[in-house]
Every structure is written in C-alpha cells, then in structure tokens.
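Novice: Work out the full structure, taking the sequences as your base and the hints as a guide.
2 protein chains.
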Amino acid sequence: MTDLGVQDAAAKADHMVNPASLAASMIDERAPDIVEALNDMPPELAVAVLLHLPPDRAIEVLDQPGLEREPELITLMPRTVAAKLLAGVSADRLADVFRQVKEPHCSELLDLLDPGTRVNIRRLLEYPKDTAGSIMTTEFASVPSTYTVGQTLDYIRHVESSRETVYAIYVLDPLSKKLVKTITLRRLITGDPEAQVLSVARPGRLITATPLMDREDVARLISKYDLLAVPVVDHGRVIGIVTVDDVIDAIVQESTEDVQKFGGMAAINEPYMEVGFWQMMKKRGGWLCALFLSEMLTASAMQGYEGELEKAIVLTLFIPLIMSSGGNSGSQATSLLIRALALRELEIKDWWHVALREVPNGLALGTMLGLVGIVRISLWQYLGFYDYGEHWLLIALTVGVALIGIVLFGSLTGSMLPFILQRIGFDPASASAPFVATLVDVTGLVIYFTVASIILRGTLL
Amino acid sequence: MTDLGVQDAAAKADHMVNPASLAASMIDERAPDIVEALNDMPPELAVAVLLHLPPDRAIEVLDQPGLEREPELITLMPRTVAAKLLAGVSADRLADVFRQVKEPHCSELLDLLDPGTRVNIRRLLEYPKDTAGSIMTTEFASVPSTYTVGQTLDYIRHVESSRETVYAIYVLDPLSKKLVKTITLRRLITGDPEAQVLSVARPGRLITATPLMDREDVARLISKYDLLAVPVVDHGRVIGIVTVDDVIDAIVQESTEDVQKFGGMAAINEPYMEVGFWQMMKKRGGWLCALFLSEMLTASAMQGYEGELEKAIVLTLFIPLIMSSGGNSGSQATSLLIRALALRELEIKDWWHVALREVPNGLALGTMLGLVGIVRISLWQYLGFYDYGEHWLLIALTVGVALIGIVLFGSLTGSMLPFILQRIGFDPASASAPFVATLVDVTGLVIYFTVASIILRGTLL
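Respectively, the protein sequence lines represent chains A and B. Quick note on numbering: the working numbering labels position 251 of the first sequence as 251, and the sequence is numbered without any gaps. Quick note on numbering: the working numbering labels position 161 of the second sequence as 161, and the sequence is numbered without any gaps.
FYI, nobody ran anything at the bench for these hints, they're computed from the structure. A hint or two may mislead.
For chains that are exact copies, the list does not tell them apart, and a pair is met inside one copy or across any two.
With a straight-line Cα cutoff of 30 Å, these simulated DSSO-like cross-link-like pairs (lysine-lysine) come out [as the list claims (entries may be wrong)]:
1. K349 x K283
2. K349 x K282
3. K129 x K282
4. K283 x K181
5. K129 x K181
Specialist: What follows is the structure, encoded as structure tokens:
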C-alpha cells in the first residue's frame, strides 16, 4: 500500500516520459520499491531513470535480487557508465546476473569489469547451482588476529560501505590467513579498544560451510545457530560468506519448488503471469504425459479383469472411490515424509522406523474408511436408493476389505517413496502426489479385484 | 556431524549419570548443540545438567526455540532457581513456552516471574497465533532523538547483553515516545560521536509492522527490504520487534504446513517420530474421511450410467485413466496458484487473468493427452494386444475428446479453487491435491459418459 506512489509513477510513465523527474520522485524511496517501479517500465525508460539517479542509489538498485531484465538494462547503458556502476554491485549479485546471460553476451558483460572482479566473478560462476559457493558474496570484513579491538573498529568504519555485512567479522591467522574465529560487531563495540580482537570472541567451535554445501544445508546452519552470516571455508581459508537474506530467498525458492514438484510438475521460479505459454507446456506437459503413460497401466490391469467386470458390473461402481482412497492416503504419507526429510528430522537409515509406524497407521485408517464404505452400501441398500443385488452384503464386505488393503498399501508406498528417491540421489520432493497416486492406482485395482475374486467366488464371480 | 560429541555424550547419559561432568563437557558447545543433547535425555537428567551449567549458559539454552519439554524442565527446578533463570530468558521465548502450558500450570509458572515481566508476557500471550504480536520480542534497543551518536553507542554497549538484537536501534521522539527513525549499528559506528543520532539515519520511509499483521507478511517485509528486524508499531509507538531468525522459523513452519495441507491432511508441526498414534489418526483420518465421503459421489454418478456401462463395458477400462488425468492437471494448476498467491505475485482480483490463461493451457494439455490416448488405443488394436471391438475408433475418439474436456476442467478448477478459498477467508494452501482431485473426479465421470453418449449413440450405446 505504502509504495503506491512509486507504482503510480510507473503507471504514468508512458504519458510523462521524463526520466529525470521520475528519478527525482524516487530518490527517497527504498531500493526494493524503486525496483518494483522499474520492473513495470519499458527497458529503455528504466535505463534512463537509472542513469538519472545518483550513482550510489543506482548501484543499490542494481544490487537488488528483485530487479528483472538486469542484463538487458546493463547492455542498454553506455559502456563506461555500466562499468562504473557494475564496479559497485556486490559480487554475489553480479554472479547471479551473469548466470542468466548466455555466451557470447556473458563475456561481453564480463569485459566491463576490472580484471580483479572479473576473475572473482568467473570463479563464482564455476560453482554449481544451489551450492554455498554459488550464493556467497566475496565482500566480507576480515582482520588479522594481531589487531586490537580499536584497530578492528577503525577498519570496520573504513570498509563499512563496501561490505554486504559487517556484523560478522572474520579473524584470520596473520601468516596462514586461515580462519581463527568469528566475532560479532555487537561484542566488538563492548570490548576494550586496547585489548586484542580475540578477547571479544565467544568460546565454542567455528560454524562454517564448505563451497559445495547445498544451500538448504547452509540455511539450516544459519537458522539453527541464529547467525547473520556463515563463512564459506576452503582449506581453512574464508573464500566468501552467505548472509541471512540470501538464505531467506533460498528457503522461499526451495519451498516453492517443493510445492510445485509435489503438485506433479517441473519447478517454475518465475511469477505465474510471466511464464510463457510454451514454457508452461514444457513444465506441465512433460510430467502430465509421463503420468498419463504410467496410468495407462490401469487400463491394462482392467483388461485383465474383463471377465469379472462382465459378470459383476456392480464392482465398477466403486473403482473411482477405491482408487482415490489409495491415492489420498499415499499423498498424506508422502507430504509428511517429504517435510521430515527436508527438515532433517529423519535420515535414510530411519526408513524402517517409519515403515513400522505406517503399518498400524495404514491399517487403522483403512479400517475406518472400510467401515464407512460398508455402512454406505448397507444404508443405500436398506433405504432403497440403489439395489446392489442379492449379494449386497458380500459386495460391501469386498469394498471394506479392499479399502483396508489399499489404504495400507498407499500409506506404505507414500512413506517409503521419499526415502527411495533420496537414496538414489533425487530430491524427495519429486515424490509428487500424482506420482504416488499413479503407483497406488494400478496396485489398488489388483487388490480390489483379488479381494473380490476371493469373497465373491461362487456367488457373483 | 560436528555435534557428534554432544550426541554421544547424551547417548552415554544412562551409564554415566553424572550431571556435573556432563555439564562440564558441554560448557564450550554452542547452545543449539547443548539443546540437542538435552532433548535426548530423560527430563530429570536434563534439569540436573542445566543446573550444573553456569547460569548465563543455562539461560542461553532455555532461550533456544529448539528446546523441547521446556515447561516440564522448569517445573522440575527449585522455584528460586527457576525464577532466577527465567528472568534472563527473552520475552518472546517465554511467551512461546507459556503458550504451550495449560491453566492452572501457566499461572503457576507466571508467578515465578517478576511483576513487570509477568504483565509483559500476559500481554504477548493475548496476541492471536501467527501474528506479529505473538512472535515479537519486547527487548529492543531504543534511544530518544536528542541523543548524540556517542551517547547512543554508550547506551548500546550498556544494554548489549540484554537485547535480542542491537543491530537495529529505534530512535523515538523524546516527548511522545513515537518512532521517528530506525538506525543501524553499522551506520552508527561510522558516525561522528558528537553529531545527533539522526545524522546517521538513512533517508526513506520507515518500514514497520502492526501487531496483528500475519507473520507471513512480516517475513515478506523483512525479506523484501533485507532487514535484520522490523519494529512492531501500535499507535506510533514501538511495542516490540520481530527479528530475522524468528521469521526464518516462521517461513519454515508455514512451508511445512503448506506441503502437508496440500497433501490433504491437517498440518502437524512436530517431528514425524514424535506425533502420537491418536494425534496422527486425528490429523489424517479427518481429512481422509471427508475426502472419502465426497468421493462417494463418484459411485452415485456411476450408478446413473449403469445402462451405458452394461452396454459398453469397454468404457470402464478407461475410467481410472481419465479420472487421474483430470486430478493431475488440477493438482498442477493448484500448486502453481497456491505459491503465486502465497508470494503475493497475484491477488484475488487477478482471478480472471489466470482463468484466461488456464483455458488455452488446459485445452493444449488436454489435446496432447487426448492424442496420446487415441494413439495408445489404436496401437493396441492394430498390434492385437486387445480387441476393443468393431467401434474401436469411436471409442478412441471418445477417450480423446473426454480427455480434452477433463484436463481443461481440471486446470480451471485447480486454478480457481485457491482464489475461492482465499476469498472466503481460508488459506489457499487448503486447496489440497486430493481435494481438487475429488472435485474433478465426479465431473470427469459426467464429462466422459456425456461424450460417450454423443459419439457412441447408435453404435455401442
């Protein structure tokens, strides 16, 4: 609500195409609000506005993860201006931007940077996606352990404006440059200026990440130990830091991907309205086709019971009901286990504990549904809503027993699938609800018709 | 891996029941690691260990959100010790703990606190669950705007140990006590000690939360503006702050709830292995029964087509395939829209934009599946895997056309349901995959049999 001013400005942009006055109206806004306004403008206008902002504000805007089309905006700027602005943008943001750009444009953009930064960014670009290395920034505050508290404070005052965070300060061994301790700014300011910087360090082991650590695990470290940043350490040396705001973005993105995968589609991280038709078809169509092809097995399974179907057409009435119950119980178990594995409450080796719990769970839930089913059929028969024939009680029994078996099977399949996926190196969240349902559907039909052939033998079948 | 030491210690606790030496072995560990060890001990031992820790470390441990059975542990302590320790625990953590305790025990615990804190906690307990008020802490750093930079720094040094964060400092009007500006510690240390504290404030509007704001919206503010804390303001006065680590916990919890709701069950926030059998039955059984009862409509729908089924038993073969395709396309659309609404990419008023996009999406995806289905039936017929009878081509056509209708209907239902739920005040994430599938299943059957009765009239039907 409060940033209406900026958005109105953007809306009026077409009429009042005066970038200078637009920039002037934005100068006191927060960078994320300016970003929202720029995202709504045609790229040429957005660039013109950026160029009219004071350079430090323009840099702040370019540093925002929310700024869209950043490579395009940079390309539209005069090269010298672009180079000057990019020099101020943080390394992790630059790496993020360059990661979206294909060659040869990526190299062209890299040429705008000074040689030191260029090497730096090239190194960041080499870390695989979603690792600590790929989201870390290389601009952090570090001092040798020979510094005093006062010297460290002076240093922090000096570098404050060029560091993503100065709340965590890394104390290095003066010779080997290896990380000795992490100190916090809040403790630093309480220290005696003459004392050694290590005097304000707190006891306890160092919390560090490795460059190839999954960003989810880095997020877990930061959240567990309530850190503002975690140092990424390679052979004892700090090569970068991951800050808490990078981690929040990562957590939100991961949970979006989890929900979408669970919904049975490839993950899309762009806003819904910005995904093109063909990309949408690719992300949804692939999975939908794969599920459709697997689900065709149900048709094959049904063909196998054609004889039974012809003799007892009444059995077909309950096929959707029975199949969906298996899918639902599987989907519940999967959603529980996906989260338990993601939050590291459980490990792969705990699979049998889970299986031992899901057997009574599945039996109890199945019995519950089975009883409801039997009551429903008996009630309809008794009240005359439908006539299931003279063997209606046996049919009700078939449905009830089949439900116990199917819900048990669904709960077990749904709970074990995330373990199996994790074991073979996939994200457990790929155990989508539709995938589990498909697995359970075919087996559900087999269970149903097997139970039917036992209970109804000699009567209907 | 690194906290193996502590966990081993916990594992050995039964044998070496010497709380003093256990406490001594933990003294240099990080509080979250001590918490993990205590969680694995019987409560009596955990309390004994806590009492052997230096009071400031014990307070730090009690302050950790991960500590389980905290009310029980406190009750097991001598009252005077408990009172001394609780006095050091932060207000938001205390409120969290007390929220888990039922009366009259809650009042007994509250009596351990000094009168000031007690009033404070009682006020926090009044805020509804999941609001900014319920997760905020009342211990923050604030100074009047008449202070100089130097005075503010002195004040921060003085209160540092008793505040959850001192990285954000709230500058208040000396008379009205209303919030004037937020300043950051990093900017404060770079300021001239003689200058007014407001000289280091940055321009731009204040970012604040209201006490009844949803914690998800607070999380969004913190993440958008990269804040370490956001002040909760009531009538212009700061009544507390929400820090970034509270928000991370909130985001993780919300996304767990979203996945579980989407999986078709009531949200469970406890670790999987700690949920009791009956609680599990309640959380899963309720939804499962509700879905089962709705899904019974499929049996009623099928009854209506009994005549068709008897004449063309071949139609039953494709019922599972067709129903699952509707469910899958609905589940995809729902997962996309749940996230888009949760991330505030879309608002309720955008529903028709989404509907306009889902019509071509659903038609295209349905056509794709329809073609695959026609090819499958023709291929089986041609290769002699199964004989669908002389009208096989018409049957294939029926399946193909029905798929287009059902996938279109699934995509539309799945995408509109989250809007409807949000509109009537529910969490859009309650539009679980099984719920969507159930809605689509009944309609899917009607579409299938309607298409069949049109295409197969005069031949099979």
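Novice: Of all the hints numbered above, which does this structure not satisfy? Sort the numbers upward.
Specialist: 4
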